[in-house]
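Peer 1: Sequence:
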Amino acid sequence: MILESQQKVSKIIFLICITVSLISFLSLIFPAFLIEFSISNSILDESNRTVNVYELGIWTLPIIFGNIIFFGLFTMHKLKKLPKILNKIIYKISLFDISKKTCVIVILVLFSIYFIFSIDEFQREEFEFGDYVGVVKDAKEWEFKGNSIISPEIRYLFLHISIELFDNIRILPFIASISLLLITFFLTLELTKKRIAGVISFAILLQSNLFLMFDTTSSYENFWTAFYFLSLYLIFKKPVGSHIAFILGMLTKPLVLTLLPINLFAIFTSELKKSRKIILWVTYSIIILVVLIAFFTNNITHVTFGESEVGFNFNKLISSMNEFGNSLRFDGLILILFIPTIIILFTKKGNISKSINLIFLGIVFSILSQPLMFSMIEMTLQPYRFIPVIVFCAISVGMIFSNSKTLDQK
Numbered sequence: 004m005i006l007e008s009q010q011k012v013s014k015i016i017f018l019i020c021i022t023v024s025l026i027s028f029l030s031l032i033f034p035a036f037l038i039e040f041s042i043s044n045s046i047l048d049e050s051n052r053t054v055n056v057y058e059l060g061i062w063t064l065p066i067i068f069g070n071i072i073f074f075g076l077f078t079m080h081k082l083k084k085l086p087k088i089l090n091k092i093i094y095k096i097s098l099f100d101i102s103k104k105t106c107v108i109v110i111l112v113l114f115s116i117y118f119i120f121s122i123d124e125f126q127r128e129e130f131e132f133g134d135y136v137g138v139v140k141d142a143k144e145w146e147f148k149g150n151s152i153i154s155p156e157i158r159y160l161f162l163h164i165s166i167e168l169f170d171n172i173r174i175l176p177f178i179a180s181i182s183l184l185l186i187t188f189f190l191t192l193e194l195t196k197k198r199i200a201g202v203i204s205f206a207i208l209l210q211s212n213l214f215l216m217f218d219t220t221s222s223y224e225n226f227w228t229a230f231y232f233l234s235l236y237l238i239f240k241k242p243v244g245s246h247i248a249f250i251l252g253m254l255t256k257p258l259v260l261t262l263l264p265i266n267l268f269a270i271f272t273s274e275l276k277k278s279r280k281i282i283l284w285v286t287y288s289i290i291i292l293v294v295l296i297a298f299f300t301n302n303i304t305h306v307t308f309g310e311s312e313v314g315f316n317f318n319k320l321i322s323s324m325n326e327f328g329n330s331l332r333f334d335g336l337i338l339i340l341f342i343p344t345i346i347i348l349f350t351k352k353g354n355i356s357k358s359i360n361l362i363f364l365g366i367v368f369s370i371l372s373q374p375l376m377f378s379m380i381e382m383t384l385q386p387y388r389f390i391p392v393i394v395f396c397a398i399s400v401g402m403i404f405s406n407s408k409t410l411d412q413k
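Letter by letter, the sequence shown follows residues 4 to 413 of our numbering.
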């Protein structure tokens with residue numbers, strides 16, 4: 004009975020994830036569709052509009068052909084129509100792992116390449132980002148104000164430290180990006196119990212154009228993303244530290260609050276001892292309580308978001324879903340692997356199922372976090388806020404190489 008309930012929950016989470024993903028991919032297949040749909044719901048006279056909502060985007064053919072090839076091979080594999088040699092290769096890949104020594108060497112090599120290609124960025128100003136001048140000014144003049152429980156105090160503190168210690172505002176943002184890469188590796192390792200999966204997730208994130216665009220910037224740094232994924236990882240390793248990392252994430256970027264349901268699901272489905280779960284539930288309940296009190300006393304909306312009026316707008320939600328395609332349009336590998344990876348993971352069985360559900364929810368909430376906020380308050384849409392999507396996608400690709408067996412100590 005319990006197993007049947009778990010299977011139903013897995014199917015529901017999968018359906019939500021694939022639905023949100025397919026809607027998001029509309030912005031890549033038909034770039035004008037979501038925008039025009041939202042406009043048609045907000046105006047009465049459409050007689051003068053001549054926009055072709057079915058005009059194809061540049062990624063339409065690669066995505067369609069990539070998925071046709073995948074589903075063709077996937078169907079043949081399920082029907083056992085593939086050549087035996089290919090089935091044997093797939094089976095061996097599912098069991099393959101690397102030693103600790105090899106893993107360390109590969110990570111160090113990837114880091115070396117990353118550092119070599121990034122080092123010249125420290126000597127350049129960030130004038131391509133319009134917020135740069137204001138960010139530098141605020142970082143240099145930083146002082147603790149404590150005027151909101153989720154104001155970006157920590158962000159400017161770190162940027163201030165970077166300037167004071169290194170005379171370069173980009174150093175600590177770069178360290179945050181390195182930390183995000185390592186956290187991605189260790190979180191994948193924790194969920195799959197396979198080093199090769201962690202290395203693959205690391206490499207997928209490292210090659211991402213969106214990640215590399217913002218990895219050394221001070222205007223749109225990765226402090227908040229690193230703190231958030233650290234809080235998720237610590238749920239499985241050091242529960243006492245998870246809420247601290249989450250709070251630091253909130254104090255860096257309030258958007259972290261929209262990812263809270265992922266952490267709560269991780270706590271609920273984890274196999275931690277009862278005492279550790281109680282600690283996590285109590286600490287996160289306190290966070291929720293404080294945020295709710297701040298919300299109803301207008302401390303969040305007035306201090307963090309200014310005088311914005313709070314209210315849900317469906318048309319804004321639909322139009323903002325178009326930002327997914329705009330932000331990820333240069334991440335070809337991730338776009339090609341996105342839907343096939345979700346399908347493959349859904350077919351996996353064993354004790355990895357809970358981890359897969361967690362990643363599916365991560366994809367859903369990281370895709371919807373910015374559109375949901377945009378639909379309720381006045382805020383801009385920014386590509387860097389989709390970096391959590393990239394991280395969850397990188398982890399999901401790594402999880403393809405997982406199995407239900409325990410990691411052997413090699």
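Simulated from the structure, these hints should not be mistaken for lab results. Among the hints, erroneous ones may be present.
Said to hold, decoys possible - Lysine-lysine pairs mimicking DSS-like chemistry, simulated, CA-CA at most 27 Å apart:
#	residue 1	residue 2
1	K83	K95
2	K11	K95
3	K196	K14
4	K196	K81
5	K241	K276
6	K81	K276
7	K196	K11
8	K14	K87
Quick caveat, the model's predicted, so the values are computed rather than measured.
Peer 1: All hints, please: hold or fail.
Peer 2: Results for each hint:
no., hint, in the structure
1, K83 with K95, "holds, 16 Å"
2, K11 with K95, "violated, 30 Å"
3, K196 with K14, "holds, 24 Å"
4, K196 with K81, "holds, 25 Å"
5, K241 with K276, "holds, 12 Å"
6, K81 with K276, "violated, 38 Å"
7, K196 with K11, "holds, 25 Å"
8, K14 with K87, "violated, 30 Å"
In the structure shown, a violation is registered for the earlier hints numbered 2, 6, 8, in ascending order.
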